[in-house]
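Protein sequence lines, in the order shown, are assigned to chains A and B.
Following my numbering, the numbering of the first sequence begins with 16 at its first residue and continues without gaps.
Following my numbering, the numbering of the second sequence begins with 197 at its first residue and continues without gaps.
Simulated from the structure, these hints should not be mistaken for lab results.
Heads up, some of the hints might be wrong.
[As the list claims (entries may be wrong)] Away from chain A, derived, C-beta distances all over 10 Å, residues of chain B:
{"hint": "1", "residue": "ALA402"}
{"hint": "2", "residue": "PRO633"}
{"hint": "3", "residue": "ALA685"}
{"hint": "4", "residue": "GLU735"}
{"hint": "5", "residue": "ILE764"}
[Stated by the list, open to error] Lysine to any residue pairs mimicking SDA-like chemistry, simulated, CA-CA at most 20 Å apart:
{"hint": "6", "chain 1": "A", "residue 1": "LYS19", "chain 2": "A", "residue 2": "PHE141"}
{"hint": "7", "chain 1": "B", "residue 1": "LYS270", "chain 2": "B", "residue 2": "GLU245"}
{"hint": "8", "chain 1": "A", "residue 1": "LYS296", "chain 2": "B", "residue 2": "LEU637"}
{"hint": "9", "chain 1": "B", "residue 1": "LYS358", "chain 2": "B", "residue 2": "LEU638"}
{"hint": "10", "chain 1": "A", "residue 1": "LYS264", "chain 2": "B", "residue 2": "LEU638"}
{"hint": "11", "chain 1": "A", "residue 1": "LYS296", "chain 2": "B", "residue 2": "ALA709"}
{"hint": "12", "chain 1": "B", "residue 1": "LYS726", "chain 2": "A", "residue 2": "LYS19"}
{"hint": "13", "chain 1": "A", "residue 1": "LYS296", "chain 2": "B", "residue 2": "ARG730"}
{"hint": "14", "chain 1": "A", "residue 1": "LYS88", "chain 2": "B", "residue 2": "ARG730"}
{"hint": "15", "chain 1": "A", "residue 1": "LYS196", "chain 2": "A", "residue 2": "ASN108"}
{"hint": "16", "chain 1": "A", "residue 1": "LYS264", "chain 2": "B", "residue 2": "ALA686"}
{"hint": "17", "chain 1": "B", "residue 1": "LYS726", "chain 2": "A", "residue 2": "PRO41"}
{"hint": "18", "chain 1": "A", "residue 1": "LYS145", "chain 2": "A", "residue 2": "LYS242"}
{"hint": "19", "chain 1": "A", "residue 1": "LYS271", "chain 2": "A", "residue 2": "MET320"}
Virtual Cβ for every residue (Gly too), placed ideally from N, Cα, C.
Each chain, letter by letter, is given below.
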Amino acid sequence: MKIKMSLAELSAAWGVLTTAVPQRSPRPVLSNIKIRSAEQVELSATDLDIGIRYVFEEAQIEDQGEILVNAEKMSRILRENPSDSIEMEGTENGTRLSYGSDEFHLPGEDPSHFPASPEFKGKKMFEIDKGVFQTLIRQTAFSAAHEETRYALNGVLLELSGTEFKAVATDGKRLTLARTKCKGGKGMEFKALVPLKGIQALDKILSLDDVSIELGADDGNLYAKTKRAEVICRLLEGNFPEYEEVIPKGYENRVKLNRQVLASKLRLADAFTTEETKAVKMHFEKGNLTITAQGPESGEARVVMAVEYEGAPMDIAFNPQYFLDGMKVLTDESVLLEIQDANASAKLTAGEAFTYVIMPLSLD
Amino acid sequence: MQKIVELDQSIVNKIAAGEVIERPASVVKELVENAIDAEATRIEIDVEEGGRKRIQVTDTGYGMVDADVGAAFKSHATSKLKTPEDLFHITTLGFRGEALPSIGAVSRARITTCYRGNEIGARISMDGGVTGPVESTGAPEGTCVDVQDLFFNTPVRRKFMKSPAAEIKAIADVVTRIALAHCHIAFLLRHNGRRVFSLEAGGGLAIRIGELFEPEVREALVPVDFHAEGLSISGYAVKPSVTRQNTTGQYVFLNSRFIRDRGITSAIRKAYEGFLMTGRYPMIFLFADMDPAAVDVNVHPTKVEVRFKEPGAVFGGVVRGVRAALESADLVGTVALDRSSVHREAAIKDAVGQFLSQAEPASHTDRRPLVTPSLALPRQFADAAPAPVDAPPLKFMQVHEQYIVVETPAGIRLIDQHALHEKIHYTRLMRSEGPLPVQRLLVPVTLELSAADWSGVEGVLEIFRAEGFEIEEFGARTLAVYAVPQLLAAADVAELVTEAIGVLGESKKANVASARHELYAMVACKAAIKAGMRLSPGEIEALLEQHEAGDLLDFCPHGRPAVLDLSIEQLDKQFGRI
Ligand SMILES: Nc1ncnc2c1ncn2[C@@H]1O[C@H](COP(=O)(O)OP(=O)(O)O)[C@@H](O)[C@H]1O
């Protein structure tokens, strides 16, 4: 096999493909990325949980065949950005890489030992706008769990029902739901609990220029396809909570808050919390929200913002980070906060599209 | 027919003298083993007040004839050994002929029995070592041994009995072990009239494990099947997705007898090598069967230790059998670490390279996104985050993805990354002063406990509540957690609580302070950087800074140091410079 590839495109693709290269694996062959040239040049990587295939745009094929290239070695070469293009050639005992006056030999590993990428043909898929999809996963992924051994929380639930597409994530203390209208996939059932790693891979792939993404799922896997890339990702097993039941229908005490002002006030109060007591107290009363924080060593903060609050005076405590996380993924000017009492969940919404349920802290 | 003979003195001498009855659980063990030897198909165990007040074991075995009843409380009366040779061919569980008399010596015991096929049964009692007459009585087929007021005449022993919750837990542990090896027998264990567990007969090992352990264990079983000349190893290995923090989850049986053997424990560890995080231990249910002549079971009177004639063959069999099972199982996604030497070498080379350059952090695979990253990703994706650009001022390097070597004014410092980080966390947690915030949960976390853990749960819940947990019993063997201390909120609630209950149940004096230590130690360990984790220079720096800043509590959960200093003098001496 012999091909010549654009280094700029290779860099971009490599950055995506390495998401699927395992850090450590009992199967050393997986530390490579497979490059196959036929009518097109195709790159693939997998850690057996997630597989990514990328079809190259700017390649000259001189000879067909397959080679394996060590992911890390190539990353090191690409980091130096040494040239416009690079030549790769399968040799008797491995792979030769070269450009200009530099040349590298990688010892041979049998490309046939590399797992074959699964077929996408015949999978039922639907299309969704790239930007919309990316927003949805970014608005939810942050609230997924990371440590749980109940694996079902370590990911984002993607669901299509009717013309509505939803992303949901929770770590048991808060839950985010982002939704959008989706015209593709009418009458199609789609529900996939995608691990964070898969979500991260999708996010990266979408950062390579594409306008839309196609999604599909069967019992065990998510299939995603863009113009140049295909991702297959093993789904999480286990039961995701009945999220509809967790989201309060709406409380009487509602208050509209300027997102940026709230974030700024919370950051101020947060500076006065400690790692042990990551808590701020919110006191709502007619016209005002007072946020206080205090720690034995960290001192005390008391910040006030004017709000249009009409209900009875109310105290409720939260981990400020939970709020700040939410403010960060939004662009809306204002958010609506609904609360019930000191022990019930709070509901924060930005229009119809974004809902964030946060559980409070008890302080005594 | 007289079945019991008094042991020949020569056999008596061969038997290691030793205490049999240490605590209520030992009584239960001896009585249940007798019932099994009598071919019982169903054994009911009733315990009151942790066994202090009463232990009653009723079986459906063949019972005893009158003459046997009279001899049962005599020392070294056993129907199971006749000649010294028999001692080397032990297949029944009891063989020492001293359990019943030892029990009768320290309690008020009564045996009621009816020999299979007989109309009329017999009864005998022993009260603090004084045997009564054999009396005829109506009784169902089988035997019932009733032991009351254990240790009433040995006040010191009585004083050293633990709380009822701790004793019933130990009893449940004993019955669990026996029940695992005897799936053809039905068991019922009750404490103060309340059912601890009820096990059906004849469903096979997997079903029995399912009855005794939490659902995660049930779902992670992989069959083990290994055969060699004169040796067979079977049972189930548990996938590394479920682990324990010690070896108590390892059930090893030799010819159906529960044993503890260091060699086998390390063979198991070896078989799981590369599948587990440091500090975690696998669970396993392993049955080794071999010619009884190839083992000496009488090494220790409590009979859990053994000596193999050919240990190498047994350990090799365990490693191969378990490894084969794990390799055949679908473990993708659960494999925690692969510490193959090849990879280690590469890692060391990397680390050295990085140490020498210091300017540019190398990573194993360059995961720095070439396109703008935007998802805020957690610690597990730390590799994806752009590495800090500014070069660290200190000279340090990470080696073997486990230790950090730092240059200090006086010499060098070696740091165990996990141990140090754990210590920092633990100190912070223990220094925090209440009242601390409690994080409410969106949906209550429910957790199902093993039968043994459930049996002792009452005493433990109060302790959790005192720490700020909102926790309730929620049906059979299930707890529901509604809120957790914020400090612990990042941990997996179900895992944390399950593990803490296990540990607290074991400990002698479970109180709020010890529970606090356990919980925080656990959380500190979980939150700490693991051995085998690649750290970026920024992360190492942060760790060193925290170390500098904190005057840390003396805490070594594993009894080993976190930091070692080597002075220039020491180094010079080693190199023969001075
Ligand atoms: N549950 C039982 N059913 C029938 N026989 C029993 C039972 N328990 C004890 N025995 C008889 O009493 C004898 C003495 O029991 P024990 O003192 O426990 O010694 P060992 O069990 O070590 O022989 C046993 O050998 C057995 O014949």
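Of the numbered hints stated earlier in the document, which are not met by this structure? 2, 3, 6, 7, 9, 11, 12, 13, 15 and 16
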